[in-house]
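Novice: Listed below, chain by chain, are the residues.
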Amino acid sequence: MLHRQLLRIAGAARGGIAVLAGAGVLLGALHVAFAVGAGAAVGAVVRGTGDVVPTLAALAVVATARAVLTAAQAPLAARVGVGVRVRLRTRLLDRLPAVPVAERDSGRVAATVLDSVDGLDAYCTRYLPQLVVVAVVPAGVVLLVATYSAAAAWVLAAAAVVAVLLPRLGDVRLVRHGRRRWQRFEELAGDYVEALQSVPLLRSFGAAGRTGDRLGDRAEALRRSTMDQLRLSLVDTGVSVLAMQLGTVLAVVVALGGVIAGELPADRAVVVLLLARECFRPVSDLARHWHAGYLGLTAMDGIERLLSARPAVPDDGTRDAPATSPAGVDLTDVTYRYPGTGVGVSDVTLRVAPGETVAVIGPSGSGKSTLVRLLERDVDPDRGTVHVGGVDLRTFDRTARARSVVVVPQDPVLFAWTVADNLRLYRPEATDAELEDAARAAEVHDVVLALAQGYDTVLAEDGAQLSGGQRQRLAVARALVSRAPVLVLDEVTSALDPATERRLVGAVARRDAHRTTIVVAHRPGACVHADRWVGLDGGRVVTTGDGPPTAQVLAGAVR
Amino acid sequence: MRSVLRMLPVVATHRRLFVETVVWNVVAQVAVLAVALGLAVAVGRVVAGEPVALAPTAGILAGLCAVAAGAAWRESWVSHDLAYRLIGVLRGRVFASLRRALPARRRHRHSGDLTTTVVADIETLEWLYAHTIAQTVGAGLVLGISAAASATISPLLLLVWVPLLVVGVVVPRATARRARRDGEALAAGRAHLRTQVIDTVRGLRELSGADALGAQLGRVATGTRTLGRLEVREASRLGAERGAEDLLFAGAALGAICVALLDGAAVEPSNVPLAVTVAVAGLGPAAQIADLLRNTGTLRAAAARITDVLDLAPAVGSDSAAGRGAANSSADHEEGLVLDDVTFSYDGARPVLTGLSLHVRPGEVVALTGASGAGKTTAARLALRLWDPDAGSVRVDGVDVRTLPDDTLRRLVAVVPQSSPLLRGTVRTNIVLGDPDAPDAVVERAAHDAGLLRPDVGLPLGLDTPVGEHGHGLSGGQRARVAIARALLRDPRVLVLDEATASLDHEADAALMELLAASQHRATLVVAHRKATIDAADRELHLPSPAEQAVSRQDQRVVPRNRLFG
Numbered sequence: 000m001l002h003r004q005l006l007r008i009a010g011a012a013r014g015g016i017a018v019l020a021g022a023g024v025l026l027g028a029l030h031v032a033f034a035v036g037a038g039a040a041v042g043a044v045v046r047g048t049g050d051v052v053p054t055l056a057a058l059a060v061v062a063t064a065r066a067v068l069t070a071a072q073a074p075l076a077a078r079v080g081v082g083v084r085v086r087l088r089t090r091l092l093d094r095l096p097a098v099p100v101a102e103r104d105s106g107r108v109a110a111t112v113l114d115s116v117d118g119l120d121a122y123c124t125r126y127l128p129q130l131v132v133v134a135v136v137p138a139g140v141v142l143l144v145a146t147y148s149a150a151a152a153w154v155l156a157a158a159a160v161v162a163v164l165l166p167r168l169g170d171v172r173l174v175r176h177g178r179r180r181w182q183r184f185e186e187l188a189g190d191y192v193e194a195l196q197s198v199p200l201l202r203s204f205g206a207a208g209r210t211g212d213r214l215g216d217r218a219e220a221l222r223r224s225t226m227d228q229l230r231l232s233l234v235d236t237g238v239s240v241l242a243m244q245l246g247t248v249l250a251v252v253v254a255l256g257g258v259i260a261g262e263l264p265a266d267r268a269v270v271v272l273l274l275a276r277e278c279f280r281p282v283s284d285l286a287r288h289w290h291a292g293y294l295g296l297t298a299m300d301g302i303e304r305l306l307s308a309r310p311a312v313p314d315d316g317t318r319d320a321p322a323t324s325p326a327g328v329d330l331t332d333v334t335y336r337y338p339g340t341g342v343g344v345s346d347v348t349l350r351v352a353p354g355e356t357v358a359v360i361g362p363s364g365s366g367k368s369t370l371v372r373l374l375e376r377d378v379d380p381d382r383g384t385v386h387v388g389g390v391d392l393r394t395f396d397r398t399a400r401a402r403s404v405v406v407v408p409q410d411p412v413l414f415a416w417t418v419a420d421n422l423r424l425y426r427p428e429a430t431d432a433e434l435e436d437a438a439r440a441a442e443v444h445d446v447v448l449a450l451a452q453g454y455d456t457v458l459a460e461d462g463a464q465l466s467g468g469q470r471q472r473l474a475v476a477r478a479l480v481s482r483a484p485v486l487v488l489d490e491v492t493s494a495l496d497p498a499t500e501r502r503l504v505g506a507v508a509r510r511d512a513h514r515t516t517i518v519v520a521h522r523p524g525a526c527v528h529a530d531r532w533v534g535l536d537g538g539r540v541v542t543t544g545d546g547p548p549t550a551q552v553l554a555g556a557v558r
Numbered sequence: 000m001r002s003v004l005r006m007l008p009v010v011a012t013h014r015r016l017f018v019e020t021v022v023w024n025v026v027a028q029v030a031v032l033a034v035a036l037g038l039a040v041a042v043g044r045v046v047a048g049e050p051v052a053l054a055p056t057a058g059i060l061a062g063l064c065a066v067a068a069g070a071a072w073r074e075s076w077v078s079h080d081l082a083y084r085l086i087g088v089l090r091g092r093v094f095a096s097l098r099r100a101l102p103a104r105r106r107h108r109h110s111g112d113l114t115t116t117v118v119a120d121i122e123t124l125e126w127l128y129a130h131t132i133a134q135t136v137g138a139g140l141v142l143g144i145s146a147a148a149s150a151t152i153s154p155l156l157l158l159v160w161v162p163l164l165v166v167g168v169v170v171p172r173a174t175a176r177r178a179r180r181d182g183e184a185l186a187a188g189r190a191h192l193r194t195q196v197i198d199t200v201r202g203l204r205e206l207s208g209a210d211a212l213g214a215q216l217g218r219v220a221t222g223t224r225t226l227g228r229l230e231v232r233e234a235s236r237l238g239a240e241r242g243a244e245d246l247l248f249a250g251a252a253l254g255a256i257c258v259a260l261l262d263g264a265a266v267e268p269s270n271v272p273l274a275v276t277v278a279v280a281g282l283g284p285a286a287q288i289a290d291l292l293r294n295t296g297t298l299r300a301a302a303a304r305i306t307d308v309l310d311l312a313p314a315v316g317s318d319s320a321a322g323r324g325a326a327n328s329s330a331d332h333e334e335g336l337v338l339d340d341v342t343f344s345y346d347g348a349r350p351v352l353t354g355l356s357l358h359v360r361p362g363e364v365v366a367l368t369g370a371s372g373a374g375k376t377t378a379a380r381l382a383l384r385l386w387d388p389d390a391g392s393v394r395v396d397g398v399d400v401r402t403l404p405d406d407t408l409r410r411l412v413a414v415v416p417q418s419s420p421l422l423r424g425t426v427r428t429n430i431v432l433g434d435p436d437a438p439d440a441v442v443e444r445a446a447h448d449a450g451l452l453r454p455d456v457g458l459p460l461g462l463d464t465p466v467g468e469h470g471h472g473l474s475g476g477q478r479a480r481v482a483i484a485r486a487l488l489r490d491p492r493v494l495v496l497d498e499a500t501a502s503l504d505h506e507a508d509a510a511l512m513e514l515l516a517a518s519q520h521r522a523t524l525v526v527a528h529r530k531a532t533i534d535a536a537d538r539e540l541h542l543p544s545p546a547e548q549a550v551s552r553q554d555q556r557v558v559p560r561n562r563l564f565g
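Chains R and H are the protein sequences, given in the same order. For what it's worth, numbering that gives the first Met the number 0 labels the leading residue of the first sequence as 0, then goes sequentially. For what it's worth, numbering that gives the first Met the number 0 labels the leading residue of the second sequence as 0, then goes sequentially.
Among the hints, a few may not be true.
Said to hold, decoys possible - When the alpha-carbon atoms are kept at most 20 Å apart in a straight line, the in silico SDA-like pairs for lysine to any residue are as follows:
1. H:Lys530 - R:His528
2. H:Lys530 - R:Ala554
3. H:Lys530 - R:Val552
4. H:Lys530 - H:Glu506
What the hints assert, rightly or not - Just the calculated beta-carbon pair ranges, DEER-fashion:
5. H:Arg177 - R:Asp315: 34 to 42 Å
6. H:Thr135 - R:Pro53: 56 to 64 Å
7. R:Asp216 - H:Val9: 28 to 36 Å
8. R:Asp445 - H:Gly213: 28 to 36 Å
9. H:Asp340 - R:Asp212: 52 to 60 Å
10. R:Asp216 - H:Asp534: 35 to 43 Å
11. R:Leu165 - H:Leu53: 25 to 33 Å
12. R:Asp212 - H:Arg1: 55 to 63 Å
13. R:Glu428 - H:Val9: 37 to 45 Å
Said to hold, decoys possible - From the derived model, a few chain R residues whose C-beta atoms are all more than 12 Å from chain H:
14. Gln4
15. Val18
16. Ala28
17. Ala157
18. Asp170
19. Arg178
20. Asp300
21. Thr323
22. Gly327
23. Asp391
24. Pro408
25. Tyr454
26. Thr499
27. Pro523
Derived from the structure by calculation, the hints contain no laboratory data. Glycine included, each C-beta is placed from N, C-alpha and C at the ideal position.
All chains should be modelled from the sequences, with the hints used to inform the complete structure.
Specialist: And the structure:
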């Protein structure tokens, strides 16, 4: 079965697939040559005619060539497959930012990017080349047999056509079943990832057993749908096995009839016996490869979903120079509402002078997070503009934007890399000394040294071996390594005790006096160094003031 | 090999299917062999000019073909049914082991790594259950029949199989170590790749913000290439063995012809096609067994990773003592939460908590403060019995939590964990996590108490607002409120809030503290840093960090560590 989108993907590996198909056809030809030679030799021995030694010698050569080609085929296919997978995985993951946040499911994405792509690899490097072999080799065998016995050739041809085409009748239905199965598989993979990430939560609420039961039900549904799909494919397999076996028996019997009737030299019957196997070998190989390759077909939905996602923010900026330090931030009449809701910010105008530190405060739902998302260009304003260093944020290219503004989110994610690699997130070229310096400023250097391999320790998932406050400090250190002229800190000290918070905030302020800093905070300690504060409510700027916001202001005077 | 063997007893859960698989497999293989031998006999006779009744022969062989196809179909159905049922059983066992063993105290494993085991490694066993065990039995039988037939024609024919032993058994044994290493490296590589992809999705905001997505894609591509190199190496090994095997098939056929030439006395001319067929047909199942040996590298690696998870020690001891606690007459039902002289360490060496004692009485709100890393979250997790202390005890209303049935404990104690983790679904499904059957009125009450229903909180669809992975789609304040509602839902006797109010605004924090203080029967422990929160509590307990402890030791002052009884 062919699939247009899949063929387009396979097209990139056209050369490799052609080579594999060529090797398959050549291998088929060697098998046929061996069958013809062996048949002739057996016939000669049975009838006691002629010297078979030269034939046997030739057969040994053919057999050796066959063995060498067989040995070379698998690694060749693996090599072509690596190329297909690297290309496809990169393309798929590159589309990720376009997937709406609410629909991102890491387990499912992993199933698509890893398991689906493995299936596609099998389709491209095994099924497609074998399709060519099936089109060529059985036809050749039938033609060859036709030179001995037309009747036997007809029998073989009919059986081969049945064995190849009959299963195809069920293919469409099979792929439909398969797609459903694959969806279940992806969902199950997604559920496992979430459940395994949440075991402490599930145990705390006595929900671990229930979740296990639910996953068991889902796994059972996956099994049922796997068997539904197998019910079809196995009947096909049975029928095509029957066609192959019967085809062989009938072709040989017909040939034997010819021998008895004196229409065919006797040794040709042996050749027909051996050739019949070669006629069906590619067919049964195709069935085997279909088994592996059609997984790729069924997995296309997830792949297409990723490939067709349209990004919320167009990536069409061309300015490749980041804003120069010090850079101010200007929001002018900015309005943004989350799609389908009235929530967001309205007509916000905010001017932050170069090097200034401004605290943004306000109750939950007042628009602080939206403001942060606008600054990191996770979303573009519906109306109004955001300028950094006098340049519209939309005109920067991705790299320049990333080097102009760095945001430390409320719940920063740490990666399962080494501590040093995590710290280099925003500036891969940073030196070890710079990492240490930033870690010291963020009060996390000693924490890192206490880890088993210091800065070379590979962090557990989301830094599970660290406390909440330690994770926050590492995220701040990571941002300090960057040289972006604008730093946005979104409640990054909420898990710190006041003393640590004071030291960290002070160190950040001293270290980067020229860096423009926007601090979103609920606690006075986080914004003691603010030059000004801005109070948001209901998505609008409602109050402002000079100096750091007092505890009274933070405690609700802004309302 | 031991780990593969450990995957076998599970077959006993579906004995009937297994027996059926073996029976149909044997029928199918023997029928196929019979067709091949029958054809060879017919061909031999006709070629040698002996009389053959073609029509009955064709009829019998066609019948055998039908039997072969039918049995093959039935066998493949039953064997897959068996395999997928067993896979289901194993998935259940693996998840059950994980949900008892997590959170890990020491060796943290990435969810991508663990998911690879639950999803991919177990799927590898399909090959073991559906295509190996029964097939080996059938193949052995066919090999025996072929050997007997060969010996009947000419014992010399058995010689053509000698190279098989070398290629089929000796070579795989010789390469077994490399196969195992490759298998392990492949499994580990696949797991690593999954952790990277999962991290990419989870940290997409950071990666996009840092323009580091390209670098991360590079990591995935490098991982794929590294795996690819291993796969090419494995394919080369498998290809070489398959090539050698192909050479064996050819050699067996040629050898049979040579035997016929050399031992003309024993091998009648009409038997030559049969001799060749027997030589080749006998190799078929032998090749299957060789295939089994070849794939043990992958199988072993998968089985070892599964065994590794199945053998994980549970995070807390079994609650075999369950029920004892409930019946404990000496229980003080008004004691609240007590941590009594608790010592705990993650690595078995450096204790995070040493002799910590604290007591929160019913009706009391106690603020637990301390430097970052002092062990506040650890103490909270011990109160929830996510782990058991190394020394000392945790009591709820006078009963040691180790003696409480899990269900009872979960009804008594609730938590609002740090950073308010939420699950995919809706706000409502998150709130009812601990009690899926809670009536609507109770759910709404909890949501109301947590301040979720206030219009300015801005949940667009109220309790039916969708929630993405890790709570995506909700703001920090909204998430904290959902997590609080979830904990309030069951009206727990003991409530632990682990920095849950940090992302709430002051007004919401004050309202929550007021609500908590109003309860007469609940013992509430609040891990907090905000002054207003601490002030609103009845008492503050300060947990000194190891560093502060060191300072006090330096001062030579005898400060009893962690004596926090108020």
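Novice: Confirm or reject each hint.
Specialist: Here is what the structure says about each hint:
1. For the given pair, lysine 530 of chain H sits about 19 Å from histidine 528 of chain R by alpha-carbon distance, which is consistent with the 20 Å threshold.
2. With a C-alpha separation of about 11 Å, the suggested pairing of lysine 530 of chain H with alanine 554 of chain R holds against the 20 Å cut-off.
3. Distance restraint check for lysine 530 of chain H and valine 552 of chain R: the Cα-Cα separation of roughly 14 Å lies within the 20 Å cut-off, and the hinted pair is therefore satisfied.
4. A hinted pair counts as satisfied when its Cα atoms are at most 20 Å apart, and lysine 530 of chain H with glutamate 506 of chain H qualifies at roughly 13 Å.
5. Look at arginine 177 of chain H against aspartate 315 of chain R: about 51 Å separates their beta carbons, and that is not inside 34 to 42 Å.
6. For the hinted restraint 56 to 64 Å between threonine 135 of chain H and proline 53 of chain R, the CB-CB distance of approximately 40 Å leaves it violated.
7. Against the hinted window of 28 to 36 Å, the Cβ-Cβ separation of aspartate 216 of chain R and valine 9 of chain H comes to about 20 Å, which falls outside the hint.
8. In this structure the supplied range 28 to 36 Å holds for aspartate 445 of chain R paired with glycine 213 of chain H, their Cβ-Cβ distance being about 33 Å.
9. Aspartate 340 of chain H and aspartate 212 of chain R have their C-beta atoms about 38 Å apart, which leaves the hinted 52 to 60 Å range violated.
10. Hint check: aspartate 216 of chain R to aspartate 534 of chain H, Cβ distance near 49 Å, so the stated range 35 to 43 Å is violated.
11. For the pair leucine 165 of chain R and leucine 53 of chain H, the beta carbons lie near 27 Å from each other, so the given range of 25 to 33 Å is met.
12. For aspartate 212 of chain R paired with arginine 1 of chain H, a C-beta distance near 31 Å fails the hint of 55 to 63 Å.
13. Hint check: glutamate 428 of chain R to valine 9 of chain H, Cβ distance near 52 Å, so the stated range 37 to 45 Å is violated.
14. Its beta-carbon lying about 21 Å from the closest one in chain H, glutamine 4 of chain R satisfies the requirement of being farther than 12 Å from that chain.
15. Consistency note on valine 18 of chain R: stated as away from chain H, and its beta-carbon is indeed over 12 Å from all of that chain's, at 15 Å minimum.
16. Every C-beta of chain H lies more than 12 Å from that of alanine 28 of chain R, the closest at about 14 Å, which supports listing it as non-interface.
17. No Cβ of chain H comes within 12 Å of the Cβ of alanine 157 of chain R; the nearest lies about 14 Å off, and the non-interface call holds.
18. For aspartate 170 of chain R, the shortest C-beta to C-beta distance to chain H comes to about 18 Å, beyond the 12 Å cut-off, and the non-interface label holds.
19. Its beta-carbon lying about 18 Å from the closest one in chain H, arginine 178 of chain R satisfies the requirement of being farther than 12 Å from that chain.
20. Against chain H, the non-interface label of aspartate 300 of chain R holds: every CB pair exceeds 12 Å, the least being about 18 Å.
21. Distance check for threonine 323 of chain R against chain H: the nearest CB is about 18 Å away, which clears 12 Å, and the non-interface claim stands.
22. With a least CB separation of 20 Å from chain H, glycine 327 of chain R remains clear of the 12 Å interface cut-off, as annotated.
23. Residue placement check: aspartate 391 of chain R keeps its beta carbon more than 12 Å from all beta carbons of chain H (closest about 18 Å).
24. Non-interface call for proline 408 of chain R relative to chain H: violated, since the shortest CB-CB distance, roughly 6 Å, does not exceed 12 Å.
25. With a least beta-carbon separation of about 18 Å from chain H, tyrosine 454 of chain R lies farther than 12 Å from that chain, consistent with its non-interface assignment.
26. The beta carbon of threonine 499 of chain R sits about 5 Å from the closest Cβ of chain H, which is not more than 12 Å, so the claim that it is off the interface is violated.
27. A cut-off of 12 Å between C-beta atoms contradicts the statement that proline 523 of chain R is not in contact with chain H; the least separation is 8 Å.
Against the hints set out earlier in the document, violations occur for numbers 5, 6, 7, 9, 10, 12, 13, 24, 26 and 27.
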